[in-house]
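Construct the complete structure from the given sequences, taking the supplied hints into account.
Chains as they are written, first to last, in the UniProt record's numbering: chain C, 1 to 387; chain E, 1 to 177.
Only true hints are included.
Derived DSS-like pairs: lysine-lysine, alpha-carbon spacing no greater than 27 angstroms straight-line:
| # | chain 1 | residue 1 | chain 2 | residue 2 |
| --- | --- | --- | --- | --- |
| 1 | E | Lys133 | C | Lys20 |
| 2 | C | Lys13 | E | Lys93 |
| 3 | E | Lys133 | C | Lys35 |
| 4 | C | Lys253 | C | Lys299 |
| 5 | E | Lys93 | C | Lys20 |
| 6 | C | Lys13 | E | Lys88 |
| 7 | E | Lys31 | E | Lys64 |
| 8 | C | Lys348 | C | Lys331 |
| 9 | C | Lys275 | C | Lys331 |
| 10 | C | Lys32 | E | Lys133 |
Hints in this document: simulated from the structure, not taken from any laboratory. What you are looking at is a predicted structure, and each value in this text was computed from that prediction instead of being measured.
So you can see what is in the structure, the chains are spelled out below.
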Amino acid sequence: MASMEQLNDDVTKNILSRLKLEALIRCKSVSKKWKGLVTEVVESRGEKMHGLIVENYSLAFPGVFLPEYRYESQDSGVFNLDSALDSIHTRGFFCIRDSSDGLLLCSRTHLNPRKDSVMSYFVLNPVTGTRVAVPEAPPMKYSDHRDVLAFDPSSSFFKIVRWSRGSAKSFSEVDFYGSRTGTWSRRRKVAHSREVTFPDSRVSATSTVYVNGVVFRVADPNALVAIDVSGVVSCDDQIDPPARVITVPCLDKTTHRCLGKWQQGKALCYIDYNKTRIKLWVLEEEGVNGGAKEKWVLKQAIRMESLTTTTTTTMMSSGSSFRPVAMHSGKEELVLEVQQGIVCYNLKKSRLEGSYPVLQLKRGYFRSVTVFPFSATFHRPQTAVDP
Amino acid sequence: MSESTEKKMVRLRSSDGEVFEVEESVAKVAKTLQDMLEEDCADAVIPITCVRAPILTKVIDYCKDQVMISSSSSTTNNPNERTEQERKAWGQKFMEGVDSSTLCELLVASNFLNIEGLLNLGVDKMVSMIQGKYPQEIRDMFNVVNDFTPEEEEEIRNQNAWAFERDPYYKKRSSSK
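So, in structure tokens, the structure goes:
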């Protein structure tokens, strides 16, 4: 009898690459050779996989805007993200807070007219539909906190950093959650190495980013605040992590800022932009011995003019501008908002690639974009329960 | 037989020794044979060492059909030209009743002979056969040897539990603990 082992690897990989994700992952356990081939296919698919979740705020009741999410992709439907999102949409007021390497930090608020509404967090892998509930977080006074998800694909654990703007310039307040211990830490006061405030950023998702064990947040004036969370694991840990204030390249009043990842997510990317240009900087550090010295390296400067000439005319009218809204952590790609949609700018090739005409909103406004690297390998920790 | 004087014939020998005589145009659907014929190194019988006679018959059927479509598509308004839908239906019918063992051999043959269309048909069929199956079923169907230790296999399953949740074999194991 003939066997599939007679097929050469290219043919087998061709077959595997056309399988739905669930079937593909199952093929890992067929044989050792198949396991290797599946890994290759998953990796090559990750390169190709491209999609984004667009958040729009639409008018639900008079005066009340609620977020709505839509998954947009130019890849053929290997993943059914819509169904993952649909299943959670219907229950409570749902919101995507942050994303980190393919995982989403979400919250659901149960509106209670008699008492305060209760908000719960959970982490979702929309590719696999896997959900992990997070225990109730300690109450926080300030409603303007940023929730940051910290996840390294090499581990199966994640951390959540709830970072309050606080009332003082010299410190801010932070709660930590680690999925390894499954508990929230006591509240920490992190002292800023110099006085700063946190701006109220409209595109809140890009005002913070998690890179290599460190959470960065945009601050005023001309700064970033960085907290090293790699050592924060348990609630017994008595040491408050220090918050380092890093000065960013010069700015004027007309310039906006956001954060992203560079080099496959290994380095921090800082973007500043105004009506005429976008600049991308990468943070390089020298001499880590206690006193790290930061150096900003300008990687790219994009003139808005050059973008205007290459964009399809249906996407914009004359004089409209491009606004960076996200950065793909797996590849060097910048996602820009235009008047009539979203375009992707390939930083390696210095040209626009792919566009999503998604902003035709009757009542409401566009808020933010979550970009998707592929991450099906995140597995379910022991404590996983459906929230 | 009067046509055989006009059309050049090519002879192919399967791995089990059977000789097939086909028109050159039919053989040329296979890129590998086309290259050989164009280099003029194939006057005698061409040995197809890795393909058995029943498989070669099926391959030749496919090639003949391709020749029929392409020869008629040069004329306008040809009745043999297929729409996308018809092509799909034809492909499905062609692969109907092909078992997993024959399918493997067909894939080996179309890959060796470099017939892209047939390879794609085979791959599609294979994908539809694997899609809803679990590892043990796939191994049985395609004769793949499980070279994992039970512990190694368990580890892969645990790491990707979400993909195995509905596996009857998996359920049995975890509930017996």
